[in-house]
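There are 2 protein chains.
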Amino acid sequence: MKIIVQKFGGTSVAGLERMKQVKAKVEKKLKKGYKVVVVLSAMAGETDRLIKLAMEFSKKPDPSEMDVLLTTGEQVSVALFSMLLKDAGIKARSLLGFQIPIHTDKAYGKARILDIDTEKLIELLKTNDVLVVAGFQGCDFQQNLTTLGRGGSDTSAVALAAALNAEICEIYTDVDGVYTTDPNVCSNARKLPKIAYDEMLEMASMGAKVLQIRSVEFAKKYNVPIHVRSTFSDEPGTLVVKEDEVMESVLVSGIAYDKDQARITLTEVYDEPGVAAAIFEPLAAHNIVVDMIVQNPSHEGRTDITFTVSRKEMDDAIKIIDRIKDEIGAKEVLYDKNVAKVSVIGVGMRNHSGVAAIAFRTLKSENINILMISTSEIKISCLIEEKYTELAVRTLHEAFGLDKEPQMESL
Amino acid sequence: MKIIVQKFGGTSVAGLERMKQVKAKVEKKLKKGYKVVVVLSAMAGETDRLIKLAMEFSKKPDPSEMDVLLTTGEQVSVALFSMLLKDAGIKARSLLGFQIPIHTDKAYGKARILDIDTEKLIELLKTNDVLVVAGFQGCDFQQNLTTLGRGGSDTSAVALAAALNAEICEIYTDVDGVYTTDPNVCSNARKLPKIAYDEMLEMASMGAKVLQIRSVEFAKKYNVPIHVRSTFSDEPGTLVVKEDEVMESVLVSGIAYDKDQARITLTEVYDEPGVAAAIFEPLAAHNIVVDMIVQNPSHEGRTDITFTVSRKEMDDAIKIIDRIKDEIGAKEVLYDKNVAKVSVIGVGMRNHSGVAAIAFRTLKSENINILMISTSEIKISCLIEEKYTELAVRTLHEAFGLDKEPQMESL
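The listed protein sequences derive, respectively, from chains A and B. Note that numbering that gives the first Met the number 0 gives residue 58 to position 59 of the first sequence, counting from 1, and the numbers run on in steps of one. Note that numbering that gives the first Met the number 0 gives residue 355 to position 356 of the second sequence, counting from 1, and the numbers run on in steps of one.
Do not rely on the hints blindly, as some may be mistaken.
A pair counts as met if it fits within one copy or between any two copies, since identical chains are not told apart.
As the list claims (entries may be wrong) - Derived EDC-like pairs (lysine to aspartate or glutamate); straight-line CA-CA distance at most 20 angstroms:
hint : residue 1 : residue 2
1    : K193      : D335
2    : K119      : D139
3    : K58       : E16
4    : K190      : E234
5    : K27       : D233
Since the hints were made in silico from the structure, they are not lab data. From a predicted model like this one, the values you see are computed outputs, not experimental measurements.
Turn these sequences into a full structure, and let the hints guide you.
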C-alpha cells in the first residue's frame, strides 16, 4: 500500500473554493495510485474566534475545557471536506484525533504525541482511498481531548506519516517553500530545493511561519521526508530531509533573523560559583526562556552578565532580577529592547572554519556593531541594533552567495 | 448519591449572560446537596449555521459527516459552560457523547440510544459535583459520532436520568410549562401542574415546541419524571409523570391543533383486498408519513379513500399516487391544503364515553364542518377547514372547562 500524507493549513481550507483546490491536490495523488491521508487545520480565523469566545467566559479559561472547545475547529474542517470528497464519489471519511486514536500526554494546550494506533488506520485504508484526519488534536489515555499547540497540525501530519511509514509528508501552505532568507527583506532570496532537518530547526525564527518546530524534530527523529509546498501552485517546494540527502553540501543555507529579542545586562556581579544559577533558575521557574548568554572576563572579582529574552517577557524578567540583584552584588540592571538577532545557518559549517570570520567581517564592512555572539555547530548568531536588521540580512545573504545557485563547498 | 438531571436548550445557553442564569439554576441544586448532570444544547442558531455551511459544500451532505459537523455545536456549549463553573470554584467537567459513552445505532441524523455506560459517570460524580454533558449526540460501537435528531438533547437528558436513576429530569426551556392549549390562540389557556406521558405524547403538535416526542416515550418507558420549566423564572412548571400520578384525573387535559395537514382523496377505487396496501406501501417506502385515514362505505364495489399527510410532502405523495392510480381504479385524485387537525386529549376519556359527543356538538354549535375524524383511547381528532382552527380551539377549550381549575371527573 503506497501511502502519502498531505497537510493543509487554515488558509487552504478557508471556504468552499479553497477546499476545491485541496480536493484537486488529493485527486492528483489518487490517480498515481496512492492512498492519501489528509490532515486539515481549522478554517483560517476559526481558532482565534473560539479563543476570543472563551476569553468572554473566563479570564483564564480552564486548559482542558479550552481543548474541548478548540478541537471543534478541525472537526468542522474534516466534516466539510469529507462531504466534498464523498459527493465526488471518492471513498473517504473523516477521523478525529480520539477516533484513531492519537494518544498524547495530559499537557492540555501543548500536548505531546505518545502513540498512534495504526491498526485502525490501515484497516480503514483498505476500504477507503482517503482518510481526512483532524490535525492539532489527540486524546489522553482516558479519552480527554487534547491539542498540540499552535501549528500542531504539522506535527499531526508528520507523526501520522511516521506511524504509517508514508512515502512522504507534504505540508501545503500559503508560501511555496523555504527560502534562503525572508523574501520581504531580501528581494533576491532564493527558494531552497532541499534543506536538512537541523538547518530547518535553526531557521526557526523565519521557519516558524512555515513549519512548526516540533514537527521538524519529529520528522528528524523518525526520518520522515517533508515536502513544504504551496496549495496554490503545482511547483515543487522545499524538501526537508536528512543531512546526507542534501546533495549540494553547501556551506551556508540561509540567513535568519529575529526581532523578538530584548537584552538585559547585570553589571559587576560577584564572579563566584552559583551566581549564574542564582540568575537563571528563578527565570526558568517563571517559564521565561533565555536565549543568548554572555559573561565578560572577570575584573577584580566582578563580571558583567548579559542575556536576551523575548521582548514581551522582558518586564517580568527585570522584576525577577530586581529581587535577587543585591544577593549577587549587581551594581546595575541595564536593558535594551532595540536589538535583533541575525543568524547564519548551514550544516556545511560543521566541517569548515572561517564562516564566523566572514560573517563578522561582513557586518563590520557596513559598520554594524556586534553586541553579542553565540554559536552552535551549524549556526552563528549575532545580536545587533534592531535598526540594522534588514541591512545585515541583505549583506550576509550576498556575502555567502545565497542569491546564486549553490556551488560545491566554495571556501 | 442524590442525582438530578437538568437540561437547558439553545436559547438558555446563547451567550455569557444566559449561561450565568443557567449556572444559578445549577448552584441552587448543589446547595440542596444534589450532584447535578447538566445537559446542554448548542447555542441558539449554531446548529442552523452549521447546516447552512454544509449546504454550501453539498446539496445532500453525507449523513455521517453531517453528524461530525453538528456535534461541534454542543461541544462548544459544554466547554464554555464548564469554564464558567470551574472559574467559580465548582468541581465540574464537560463530557461529550462518545466520552461517556452514549451508544446509539448507526442511523446518522436520527440515531436511537441503545446503551449508556453509567460506570464512568458514577465514578466521575464521586470527584465532581457537576457533569456538563453535550446533548443531542452519541456514538456507535465503532466510535463514529451520531446525533439524535432535532430536539435530541431532551432525549439525552431523559436517557441519562433513567440510566443514573436520577430523582427528576428538569427540562429548562423558554416557556414555563405545558398549557391546556396554545396561549397564543386562547388567552385563557392554563398551565397544567401535571400531565400524563400519554397526554404529552398526544399533545405533540403543540408539545413539539416544548419536548421532543422521543424523550417522552423514553421517559414513559423508564418512568422518569420530567419537570418542564422556564430558565428565566423560579416558578414551578409542568410535571410529566405516570398516569396514576396525575392526581386530578380530569376528563380532558388539553386541546391541540396542527396546521401542517393536507388531505388527499382517491375517489371510486376498487373495494377489494390489497388496495389500501397498494396505496400506502409506496408512500411508506418514500418515507411519507400518513396521519389520518378514512375509507367510506363501499358503493357498487367502489369506495373513496381519504388520508392526510404533512403539507410539504403533499406534492410528493400525489406524484406517487398518480403512478398507481390506474392500477387501483381511482377515478380522481383530489387534494386540499387548507385543512387543520384539532384534537381533544385526556387520559380521563379512557373510562368515559361522551367526550366525542361533546366535541362534535361544540364544533357544530359554531357551524364548523368536520371533514374527517380519528380517535384513539385518549384523543379525538377532527379535520376541519383551516380557517376555523382558532375558533375551534377556543370553543373546545371552553366547552371542556379547561380555563378553570380542574374539577373531579365532571361528566
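Okay, the hints, checked on the actual structure:
{"no.": "1", "hint": "K193 x D335", "in the structure": "neither (37 angstroms within a copy, 73 angstroms between copies)"}
{"no.": "2", "hint": "K119 x D139", "in the structure": "both (17 angstroms within a copy, 16 angstroms between copies)"}
{"no.": "3", "hint": "K58 x E16", "in the structure": "between (36 angstroms within a copy, 15 angstroms between copies)"}
{"no.": "4", "hint": "K190 x E234", "in the structure": "within (11 angstroms within a copy, 70 angstroms between copies)"}
{"no.": "5", "hint": "K27 x D233", "in the structure": "within (11 angstroms within a copy, 61 angstroms between copies)"}
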